[in-house]
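Student: In this text, residue positions in the sequence shown follow the numbering used here: the first is 1, and each later residue adds one.
Read the hints as simulated data drawn from the structure, not as lab findings. Backbone N, C-alpha and C define an ideal beta-carbon position, used for all residues, glycine too. Incorrect hints may appear among the rest.
Said to hold, decoys possible - The calculated lysine-lysine pairs, modelled on DSSO-like cross-linking and capped at a C-alpha distance of 30 Å, are:
id, residue 1, residue 2
1, 135, 160
2, 235, 214
3, 95, 173
4, 108, 257
To be verified - So the derived label-pair ranges between C-beta atoms look like this:
id, residue 1, residue 2, range
5, 63, 237, 45 to 53 Å
6, 66, 212, 34 to 42 Å
7, 7, 63, 51 to 59 Å
8, 47, 137, 57 to 65 Å
9, 95, 62, 55 to 63 Å
10, 30, 223, 40 to 48 Å
11, 223, 121, 49 to 57 Å
12, 26, 159, 27 to 35 Å
13, 230, 64, 21 to 29 Å
14, 26, 66, 40 to 48 Å
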Amino acid sequence: MFNEKDLKQIQSKGIDLQTIDFQIEHFKQGFPFINLVSPATRQNGIMFFNEKETKELSDFYTENAKNKNVLKFVPASGAASRMFKHLFEFRDNYKGTDEDYKQFLKDKSFNSVYNFFDEIKNFAFYDDLKAVMLKHGLNIEQCIKDKDFVTVIDFLLSEKGLNYAKLPKGLIKFHNYPDGSRMSVEEHLVEGAVYCKDKNNIVAIHFTVSPEHKEEFIEAVNRVKGKYEKYFNVKFNVDFSIQKSSTDTIAVDMDNKPSRKQDESLLF
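From just these sequences and the hints, can you work out the full model?
Tutor: So, in structure tokens, the structure goes:
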């Protein structure tokens, strides 16, 4: 199942082969259900506040946070590759035949590839994708019209385009606004500016990231933080720490075989 290159990659992450085998076995056998005692409700485990109480608590936090060292903590090491799982599968199997196209049209559910292309102009990354394809002499709308879906997916996921398959979720554009789109890391800066500033208007945010993406995160934050500092009249104090790669879980395909990236390395 694993070659010498795989074993070196696994070892470099600080994971032993027994753990990998254990993870794969979990995928094969399934994960045991938790024995729940009862659902959490307003009367059992969930506190409910009316409008007056909510305002009092909000005002209490706002007033007292000014004199405290408040820190916004953001786990940001999650890979985006899982988000595009259905696109990977489609790209590997779609050959452009009439039968393939019929299958493409058959599933129009929310998570379908059909719906992805039907709504593609509404995605926050659409303008970037359109621009990078244009640099290569390709018109995204024409590609879709010509049923060349694989080319569009390649430019979204691979290094020749946006390379989203190798980016963490924090560096992907998620939301559209009238003045432009935002990466999720930007949204955390905005949130922090709203509820996490001290009496000196300092906003402290800590991100945990994967080691291979740390520099990209630093570059992204430095690139955008200025406009939010100006807009919210704050100063960001952002730092980073590395999440141990030994906590990663191997990815598998539908046959529970290890998934691989385009360079044939294992996908975690």
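Student: Are the hints correct? Go through all of them and say.
Tutor: Hints, one by one, checked against the model:
no.	hint	result
1	135 to 160	holds (10 Å)
2	235 to 214	holds (21 Å)
3	95 to 173	holds (29 Å)
4	108 to 257	holds (28 Å)
5	63 to 237: 45 to 53 Å	violated (21 Å)
6	66 to 212: 34 to 42 Å	holds (38 Å)
7	7 to 63: 51 to 59 Å	holds (56 Å)
8	47 to 137: 57 to 65 Å	holds (58 Å)
9	95 to 62: 55 to 63 Å	holds (58 Å)
10	30 to 223: 40 to 48 Å	holds (43 Å)
11	223 to 121: 49 to 57 Å	violated (25 Å)
12	26 to 159: 27 to 35 Å	holds (32 Å)
13	230 to 64: 21 to 29 Å	holds (27 Å)
14	26 to 66: 40 to 48 Å	holds (47 Å)
When each numbered hint is compared with the structure, violations occur for hints 5, 11.
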